[in-house]
Each structure stands twice: as structure tokens, then as C-alpha cells.
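Add chain B with the ligands to chain A, keeping to what the hints say.
Take a look at the letters that make up each chain.
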Amino acid sequence: MDFTLSDDQRMILELVDEVCEKEFAPKADEISESGEFPSQNVKKLAELDLFGITVPREYGGLGMGYLTWTLIAEKISKACATTGLIFGANLLCTYPLGKYGTEEQKRKFLPPLASGQSLGAFALTEPEAGSDAGNVQTTARKEDGHFVLSGTKIFITNGEVADIYVVIANIDKKSGARGLTAFMVEKGTQGFSFGQHFSKMGLTALPNVELIFNDCRIPDSNLLFKERRGFKVAMRTFAAGRIGVGIGALGVAEAAFEKARVYSRERVQFGRTISSFQAVQHMLADMATKIEAARYLLYRAAWYLDRGEAFEKLASMGKLYASEAAMEITTKAVQVFGGYGYTKDYPVERYMREAKLFEIIEGTSEIQRGIIASLVLKEK
Amino acid sequence: MDIVVCIKQVPDTEELPHIRVNPETNTLVRESVKGIINPFDENAIEEALRLREAKGGRVTVVSMGPPQAKEALRKALAMGADQAILISDSSFAGSDTLATSYTLAMGIRKIGKFDLLLLGKQAIDGDTAQVGPGLAEWLSIPQITYARKIEVNGNQIRAERTLEDAFEMVEVTLPCLATVTKEINIPRYPSLKGLLSAKRKEVLVWGADDLSLDRKRIGLEGSPTQVIKIFTPQPPPKGEILTGEIPEVADRLIEKLRERKIL
Ligand SMILES: Cc1cc2nc3c(=O)[nH]c(=O)nc-3n(C[C@H](O)[C@H](O)[C@H](O)COP(=O)(O)OP(=O)(O)OC[C@H]3O[C@@H](n4cnc5c(N)ncnc54)[C@H](O)[C@@H]3O)c2cc1C
Ligand SMILES: Cc1cc2nc3c(=O)[nH]c(=O)nc-3n(C[C@H](O)[C@H](O)[C@H](O)COP(=O)(O)OP(=O)(O)OC[C@H]3O[C@@H](n4cnc5c(N)ncnc54)[C@H](O)[C@@H]3O)c2cc1C
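Those protein sequences? They're chains A and B, same order as listed.
Mapping the first sequence onto my numbering, position 105 (from 1) lands on 105, and the numbers just tick up by one.
Mapping the second sequence onto my numbering, position 17 (from 1) lands on 17, and the numbers just tick up by one.
Next comes chain A alone, as it looks inside the complex (with noise of 0.2 angstroms):
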């Protein structure tokens, strides 16, 4: 395994530190105070290329791969976590594109994706579809070359702020999960509108929105994939996704732990700086350990996707542990500030409410426990 960095990669992560430092950490309280949508932020990713890292050359990208991708949205994501997700949640749209769309949907979708014109997002969850993912509700009738879709889905990140939508619907619902079947849905189409915005703990700057279909027509030529594939798709997605996930937890908990560690040698108590403590020093020493541990199953991941091999599992492993110990780092972070951290005048709460977050989304703790289970007891 071998992941000493390239010229480029060294050379572009120079870039997004330069900009992460002066752009994006500097205004991620501010964002998350407001909980206004950070267009400012997504304009700089799509001035920079970022969008188009993993989307191929040909179709206006960078081409240049999950590992990078992934390096990167650590680094976003430790500077603003909001950022980072809504960076992520653009690679649930072009992830399935490249893998299953067709030429003319590559051509006609990836370019305003990688070059940022366009944001992207993914539907799927449904009131009595969260983990139960095969359970979705809303249909897709077909009539006269046209696919026609009636539903809702809850909780879409990029919600309204999104232009192509990757959505999930049943063609045959007695067939139950055999009968989903992935969609490439514009914004604007006639029948498609927004609902309610859910109102969070944290990430508030995150639109997570009610997605309407009502009696919703699109073309058969933005079916994706093949009819009857669409759980194929979005587990493929969602594989790729937890990589995504995954380090957007690992920002998180960086951020939490350097606040940390910077603050425990500043605090003077019983005249000696708190970082003298053993008790301390060992929060940290666990927060740091943890933050590799997490780091090296994300960046092992993404590296076999890049080559090919199968990544699942190490995927889900990235996304459940950079998950639960961000979600341990953050509250420790809170634990070495005391009383100053539990209040808004430190970022260690806002990163704590945050990373639970990541204990949820494309698969809760416990579903990613069962994908690994499976997978282990099915290895030979």
C-alpha cells in the first residue's frame, strides 16, 4: 500500500489548505450562527475545479480519482463542515452518473456538475424509507415514453439548492425493492417543487429539504441504469458515498481535537497548564490515535475503489468508526474545555452537534454494523 502523494495532488492540497484557511474556517461559525446557506463557498469549490476532481476529463472533469477527491474533502470538512457535506453530496449525483448514466447523460450531466454550474444531489430516503431503503413509496408510472413519478422524499441534502437530482422510485411496487429504479430528475420539471425545510441540531447552513413529486414526467432517456435497478444503485452509491461520510466525520473531529489541544496548553489550573495533567494528556493521546485509525481505513478505501477492488466493506468500516469517534473525539473536545466549551463563545459544542450527524446519514451505526457483519461472515 503506497500512498505517497503526487506532485499534482501535493500541489492542489497546498491550494484548498490556502483556501480553506482563508476563506471557509474563518466564516464556519458565522455560517452555522446564521444557518444561511453558504453560496459564497460553493461559488470558491466551483472556481477552483473542485467539483470536477473524480468526474473524467472527457466529460469536463479533473480525472483524477476518490483518493484525491477524499483528500480534499478532509480538508473542507475540518474547515467547515457544512462545506464538506454539501462538496459530498454532489458526489452522490456524479458518482452513479460516471458508473451507470449513459453516453448521452455523461454528456449532458457531468459538465455543469464538475464544473460547479450545476449542484447535485441524491434522493432517496422517504418517511417510511430510512434504513428500510427498500421500502421507498414514491412510484414512477410509465406512459408514452415518458416515466412519471409521485412521492415524497424527506431530509434531501442540496435540497432546493440543487439542480440535478439522482432520485429513487418504485415501477412496480407489489415486486417491493426488486421494483426500484434510479432517475435523473431536473430542477424545474413541471410536477417536481419543494416542501419543508427540517430544522436541525446543527449543520444549519445544510438544506435538507421535502422533495414533491406530483405527477412529475420525465423522459425515458433519464432513466439510470436499467429499470428494476434502482437499489443496485443506490447501495453502489451509498458505498461510495460512506467514504464521503466518513471524512467528512474525520474533519469534524480534527477540528475538535486541535481546538483541543491548543487550549489545553493554554489553560492555567492549580497553576500548572491543564496539558500537565495525565488525565488530559490521555484524552488526547486517545483523540489523536483515533483520528489515524480513521484516516488510514478512509484513505484505504477510497484507494482500492480508485484501483478497482472491492472497497465495501473498508468503506463502511471508514464511515462507522471515523463516525463514532468523531462523535467521542467532539465530546472530549468539550470535556478539555470544561464549562468554556459547553458554551458559544468556543466552536467545540457547534463541532459536537455536528458530528452526530454522521452517525446517521447513508447508513446509521447499526446498519453499517450489519453491512460488515454480512460481508465478513460471506468471506471464505
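There's no promise every hint is true.
In silico DSSO-like cross-links for lysine-lysine, where the CA-CA straight-line distance does not exceed 30 angstroms [as the list claims (entries may be wrong)]:
| # | chain 1 | residue 1 | chain 2 | residue 2 |
| --- | --- | --- | --- | --- |
| 1 | A | Lys75 | B | Lys70 |
| 2 | A | Lys43 | B | Lys34 |
| 3 | B | Lys238 | A | Lys43 |
| 4 | B | Lys70 | A | Lys44 |
| 5 | A | Lys22 | B | Lys70 |
| 6 | A | Lys43 | B | Lys261 |
| 7 | A | Lys75 | B | Lys201 |
| 8 | A | Lys22 | B | Lys216 |
| 9 | A | Lys43 | B | Lys110 |
| 10 | B | Lys201 | A | Lys22 |
| 11 | B | Lys229 | A | Lys43 |
| 12 | A | Lys232 | A | Lys173 |
| 13 | A | Lys259 | B | Lys34 |
| 14 | A | Lys22 | B | Lys199 |
| 15 | B | Lys55 | A | Lys44 |
| 16 | B | Lys34 | A | Lys22 |
| 17 | B | Lys193 | A | Lys108 |
| 18 | B | Lys149 | A | Lys22 |
| 19 | B | Lys193 | A | Lys27 |
None of these hints come from the bench; they were simulated from the model.
Chain B with the ligands only, in chain A's frame:
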């Protein structure tokens, strides 16, 4: 509209604490100090790119300096400049602002026709703000210094110059030279595509033999300025904090002030 931008590579100010002066040669110890594009020159590049986006044409960046100044030129290419030229030769070493502006002027003559020459208002290390005016004189073109806004209409340029507590509006016929302040724009970051393609673009390097110059006007010989001494200022002595009971501290304070003949 063809624009030439002069950029200087300067030490990163974030690394200022690590910058030392060699007391024997009176020069900066530049090794191992990270170089950046002089910040005002980034504004000049940005302005050139915006003008090109609006009016078409080419943007050429030029720097005079040691071989590592290529890095600064590459960043300018990554931001979107079309061509980059490094003017570099050991015989240029020790140039003052007169020799620097002369050498740059000869380089710019070699580039040929241009409509506008853009520079930063000053370099954050040398800080003289003399290269721009010097260059305009060598090239016999009009100059606008401290421009905070530039508009081009046909062959006329209208600029706002920042003065101490006012601004001045001037109109000049092209070709001309302008030096810009940081108010003029916010420089863009290079895009990744720009960054990767800049790596493949060539930076032209011109030495003394490539330019038609008067050898007496370059390098040390062409530099009438003599640096007598450069030194790192001594940090001011640390303040002293007196602690204890107030009446006793007050006595000690008076004593100390007397010692130093302040009282
Ligand atoms: C901020 C945010 C952003 C989101 N973005 C998107 C998006 O962009 N697109 C999208 O499609 N969805 C999105 N979601 C939805 C998200 O993926 C789901 O919330 C998640 O999959 C969990 O589903 P649920 O909320 O219905 O929980 P439930 O499935 O109701 O789970 C409730 C609890 O039961 C447990 N549980 C359920 N089933 C089992 C089981 N079989 N074994 C053991 N335990 C079980 C769960 O682990 C959990 O603890 C988002 C959600 C949030 C909050
Ligand atoms: C340690 C040290 C010793 C020095 N010794 C002397 C000395 O002995 N005598 C003396 O006169 N000067 C001396 N200088 C100044 C040095 O010669 C100047 O750096 C150089 O001439 C440019 O002047 P400036 O830095 O003041 O630039 P300014 O005139 O402040 O720069 C204005 C603009 O001119 C352009 N520009 C400046 N330099 C270049 C360049 N090399 N290539 C392309 N564009 C450029 C940039 O657009 C810049 O924004 C010294 C500087 C240092 C740091």
C-alpha cells in the same frame, strides 16, 4: 488588448520571523524562505486578467530575479496568464531600483508591442515604489501610480489614484503604465485546471545576452545606490512586572524611575 504585468517574488510575510540579514554582505538570507508573489502584484495580475476577459488580448507576466522566481511566474500562469518570462542572469545581481527598472524595460522592449503595463504599487520587501515610475521613464510612456480603479475605453484609460485623503481621476492615452493598490480587486485563486496546465507551460528565461542592454547600466555597476548597513533591529527589552503589596510596589517603582532618570 495586450497587457504586460511585472511581478516580484518576495519572502512570505508569514515567515518574517525567520528572515535574517547577512551582516557581512548586507543582503537578505533568502535560502529556505518561502517565496510568494508580491501581494500588490497579484492585484495587478487580477486586473490584467479581468481586462483581458472584457477586451480580449494577451497577458504576459515578467519577473526579474533568481531562477526560483519561476515559481511566482507559474502561479501567475495558473491564475490564467498566457505567457511568462523570467529575466535572470548572475550579472543582474545587486541591482538597485534604477538598474532593476532599466533591465525590466529592456526585457519589455524585447516583448514588443503592448497596450498596458501593470505593476503593484510597491514591493513588500524593498518597499520603494520606484520600479514602476522608473520603468515608465525608461520606456517613455505615461504613468499612473496608486491606481485603485481602472477603466479602458478605446485607446483611453481612466483611473482613480489613491491620494492621502482624496482620490484623483486621471485620463491617459495608451500605451501607458499603471501601478495598482489592493483596493482595485480581490485576486482570484488559481483553478486546479489552471494549476495543472501551468505545470506544462514553459517559462521563457532571458539572460543578459538575450537583451540589448548597456552593460554599464545593469547589476552592481548600474546601481548608484549603496547600502551602507542592513541590520535586524534589536527587539525592545521586555517590560518588567512588579508584584507585591501596593505601597511597597509603588516605592520600588519610584526607585526604578529615578534610576533611569525619568523622575
Ligand atoms: C442532515 C441529514 C441529511 C440527509 N441527507 C440525505 C440525502 O441527501 N439523501 C437521502 O436519501 N437521505 C438523506 N438523509 C436521510 C438519512 O440517510 C436517514 O435519516 C438515515 O438513513 C436513517 O433513516 P431514518 O431517519 O428513517 O431512521 P430509522 O431507519 O427510522 O432508524 C431509527 C433507529 O433504528 C435503528 N434501526 C433501523 N433499522 C434497524 C435494523 N434493521 N437493525 C438495527 N437497527 C435499526 C437505526 O439504526 C436508528 O438507530 C439525511 C438525513 C439527515 C438527518
Ligand atoms: C535586502 C535588500 C537589499 C537591497 N539593496 C538595495 C540597494 O542597495 N539599492 C537599491 O536601490 N535597492 C536595494 N534593494 C531594493 C531592490 O533592489 C529592490 O528590491 C528592487 O530594485 C525593486 O525595488 P522594490 O523592491 O522597492 O520594488 P518597488 O519599486 O516597491 O516595486 C513596485 C513594483 O515593481 C515591480 N517590480 C519590482 N521589482 C521587480 C522585479 N524584480 N521584477 C519584476 N517586477 C518588479 C512589481 O510590480 C512591484 O509591485 C534591496 C532590497 C532588499 C530586500
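Hint check:
1. Lys75/A x Lys70/B: Holds, because 28 angstroms separates the two Cα atoms, which is no more than 30 angstroms.
2. Lys43/A x Lys34/B: 29 angstroms, holds
3. Lys238/B x Lys43/A: 47 angstroms, violated
4. Lys70/B x Lys44/A: 26 angstroms, holds
5. Lys22/A x Lys70/B: 24 angstroms, holds
6. Lys43/A x Lys261/B: Given that 30 angstroms is the threshold and the Cα spacing comes to 62 angstroms, the pair is violated.
7. Lys75/A x Lys201/B: Holds, at about 28 angstroms.
8. Lys22/A x Lys216/B: 45 angstroms, violated
9. Lys43/A x Lys110/B: Outside the cut-off at roughly 39 angstroms; violated.
10. Lys201/B x Lys22/A: 28 angstroms, holds
11. Lys229/B x Lys43/A: 49 angstroms, violated
12. Lys232/A x Lys173/A: It holds: about 16 angstroms lies between the C-alpha atoms, which stays within 30 angstroms.
13. Lys259/A x Lys34/B: Given pair lysine 259/A, lysine 34/B holds - Cα atoms ~27 angstroms apart, limit 30 angstroms.
14. Lys22/A x Lys199/B: 24 angstroms, holds
15. Lys55/B x Lys44/A: 24 angstroms, holds
16. Lys34/B x Lys22/A: 18 angstroms, holds
17. Lys193/B x Lys108/A: 21 angstroms, holds
18. Lys149/B x Lys22/A: 25 angstroms, holds
19. Lys193/B x Lys27/A: 26 angstroms, holds
In this structure, the hints that do not hold are numbers 3, 6, 8, 9, 11, in rising order.
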